Amino acid sequence: MSEATKSQHRPNIKLPIYLDYQATTPVDPRVMDIMLPHFTEKFGNPHSRTHAYGWEAEGAVEKARGQVAHLIGADPREIVFTSGATESNNLAIKGVAHFYGDQRKHIITVQTEHKCVLDSCRHLEQEGFEITYLPVQPNGLIRLEDLAAAATDNTVLVSVMAVNNEIGVIQPIAEIGAFCRERKIFFHTDAAQAAGKIPLDVNAMNIDLMSISGHKLYAPMGIGALYVRRKPRVRLQAIMNGGGQERGMRSGTLPGPLCVGLGAACEFAEQDMASDNERLRRLRDRFLKGLSDIPELYINGDLEQRFPGNLNISFAYIEGESMLMALKDLAVSSGSACTSASLEPSYVLRALGVDVEMAHTSIRIGIGRFTTEDEIDYAVKTIHEHVDRLREMSPLWEMVQDGIDLKSIEWTDH
Amino acid sequence: MAYSKEVVDHYENPRNVGALDKEDESVGTGLVGAPACGDVMKLQIKVDAAGVIEDAKFKTFGCGSAIASSSLVTEWVKGKTLDEAGTIKNTQIAEELALPPVKIHCSVLAEDAIKAAIADFKTKKPSTDV
Chain A
1 MSEATKSQHR PNIKLPIYLD YQATTPVDPR VMDIMLPHFT EKFGNPHSRT
51 HAYGWEAEGA VEKARGQVAH LIGADPREIV FTSGATESNN LAIKGVAHFY
101 GDQRKHIITV QTEHKCVLDS CRHLEQEGFE ITYLPVQPNG LIRLEDLAAA
151 ATDNTVLVSV MAVNNEIGVI QPIAEIGAFC RERKIFFHTD AAQAAGKIPL
201 DVNAMNIDLM SISGHKLYAP MGIGALYVRR KPRVRLQAIM NGGGQERGMR
251 SGTLPGPLCV GLGAACEFAE QDMASDNERL RRLRDRFLKG LSDIPELYIN
301 GDLEQRFPGN LNISFAYIEG ESMLMALKDL AVSSGSACTS ASLEPSYVLR
351 ALGVDVEMAH TSIRIGIGRF TTEDEIDYAV KTIHEHVDRL REMSPLWEMV
401 QDGIDLKSIE WTDH
Chain B
415 MAYSKEVVDH YENPRNVGAL DKEDESVGTG LVGAPACGDV MKLQIKVDAA
465 GVIEDAKFKT FGCGSAIASS SLVTEWVKGK TLDEAGTIKN TQIAEELALP
515 PVKIHCSVLA EDAIKAAIAD FKTKKPSTDV
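Chains as they are written, first to last, in the numbering used here: chain A, 1 to 414; chain B, 415 to 544.
No wet-lab data here; the hints were simulated from the structure. Quantities reported herein were computed from a predicted structural model and do not represent experimental measurements. There could be a bad hint or two in this list.
[Said to hold, decoys possible] Each pair of labels, with its calculated beta carbon distance range:
(1) B:E498 - A:I409: 22 to 32 Å
(2) A:F43 - B:D423: 47 to 57 Å
(3) B:D423 - A:Y53: 50 to 60 Å
(4) A:R181 - B:V516: 40 to 50 Å
(5) B:K419 - A:D388: 23 to 33 Å
(6) B:E489 - A:R281: 46 to 56 Å
(7) B:D423 - A:G353: 33 to 43 Å
[As the list claims (entries may be wrong)] Simulated crosslink set (DSS-like; lysine-lysine; CA at most 30 Å straight-line):
(8) A:K328 - B:K471
(9) B:K539 - B:K492
(10) B:K538 - A:K407
(11) B:K492 - B:K436
(12) B:K419 - A:K381
No residue lacks a Cβ here, since even glycine has one placed at the ideal position from N, Cα and C.
Please construct the entire structure, taking both the sequences and the accompanying hints into account.
Below, the structure is given as structure tokens:
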């Protein structure tokens, strides 16, 4: 590309460049257009049975329910609208545990699950449930042998996320589903990062419960869904009690415009999935190629069994938070939880067996539907500049260049 | 996270980044922290015959506040005697940079780094009594 073309392109880039699509996605303007009339004209309460406003809103919500169901090969009657994936995960895990808990009291999940799954399990542990937290391999994937070894006649639920939020790896959902079905154990998957991104079919994959988040798939925040299988039937004890909406599983007035947004987003995601993913893979590969001449750069998590819109990279000898500060033109996040006032690096990377010092150097990059090639090129350029600068400033880089083995040093912990 | 303008200034324009010859008799080197904790500081001082710090350099692996803390102390120690430099307290660093509570450990590390550099220099030149 000539310099002239470059400078023509540059003004199109809005800084900072948004590369944090695993944190949230913008609402797709197509989704927004569909939602808008439902705030102002078609605003009825979908549960009002006595007038046209209510019927119209109910019709819109039911259409949306069908769109969500279609994305995952489900029946619309199996979709429960919720406020988001945290609520869906809570409802699935606690709901199953509380309904079946007097018969079976063991749950299996994974060390790299999202905090809301882990915390729901911790909560159940305090109530007397037994929880197994499966380890993962260095590539971030569980071993089916570990799952098989952990399952007992007392196991009521297996909860394994489809796509990891930090490292993007795709767990072997179909294999886990087949195992659970054979053993008559309920299988829940947190698909917050997966629904609309990778093909999911609840029947082909033997999934009994699936959590979906709106704002990870270009719908608004504050809406999500839980798929609950009807045949063979999965029963839940509700968390929200009230008017008995959502077939008693989740009381409360449905937010019509948000349901409509989730439905539309699911339809677009289904329609565009193949082309979106091809684009994401091309951008991801362009990004990796641009960084390929940086020494001592490590990708955390399997690169093949992975959603192409995610990268988690350790820039060895550069502390993650100082890297984020340097990359102020890029909206990215640190895999290291240092930014949240704790000195502990990411528990997900630790579960992969990544050294603590390496976990302190990780950056999560999320590429999405609205990322452009120009943005990727700009990101590559700015990362190059700052990696060089920060490594020049790093005593660890200097020591390694001098041939010193960092593991041989007696560090003073503080 | 919002950084103070003092931290941003030191982070974006760090003073005295670099290295001095650690084999040089007149150079003291302090290396503190641990990679596993996410902070390592290397601070070096060059001391003249009168016991005055004539030059200081640093390299830091750590967050913006850690880089700023080490940059600031290299500025402060220059022109000071070893005794004067030894009195620099982490609270002064934290105050100057307006560090939030979660970043106080960065200033503690910078204080430790000066003390370690002075101690290293003194072990090289035990006769220097200043």
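Each hint, compared with the structure:
1. Distance hint check for E498 of chain B and I409 of chain A: the Cβ-Cβ separation is about 30 Å, which falls inside the suggested range of 22 to 32 Å.
2. Under the hint 47 to 57 Å, the C-beta atoms of F43 of chain A and D423 of chain B, about 51 Å apart, fit the expected range.
3. At about 58 Å, the CB distance of D423 of chain B to Y53 of chain A agrees with the hint of 50 to 60 Å.
4. Against the hinted window of 40 to 50 Å, the Cβ-Cβ separation of R181 of chain A and V516 of chain B comes to about 47 Å, which satisfies the hint.
5. Between K419 of chain B and D388 of chain A the CB atoms are about 25 Å apart, so this pair conforms to the stated range of 23 to 33 Å.
6. At roughly 48 Å, the beta carbons of E489 of chain B and R281 of chain A sit within the given window of 46 to 56 Å.
7. Between D423 of chain B and G353 of chain A the beta carbon distance is about 39 Å. The supplied range of 33 to 43 Å therefore holds.
8. With a C-alpha separation of about 26 Å, the suggested pair K328 of chain A and K471 of chain B falls inside the 30 Å cut-off, and the hint holds.
9. Restraint check for K539 of chain B and K492 of chain B: the C-alpha separation of about 19 Å stays at or below 30 Å, so the hint holds.
10. Distance hint between K538 of chain B and K407 of chain A is fulfilled; the C-alpha atoms sit about 26 Å from each other, no more than 30 Å.
11. Restraint check for K492 of chain B and K436 of chain B: the C-alpha separation of about 18 Å stays at or below 30 Å, so the hint holds.
12. Among the hinted pairs, K419 of chain B with K381 of chain A is consistent with the structure: their alpha-carbon atoms are about 26 Å apart, no more than 30 Å.
Consistency with the previously given hints is maintained throughout, with no hint failing.
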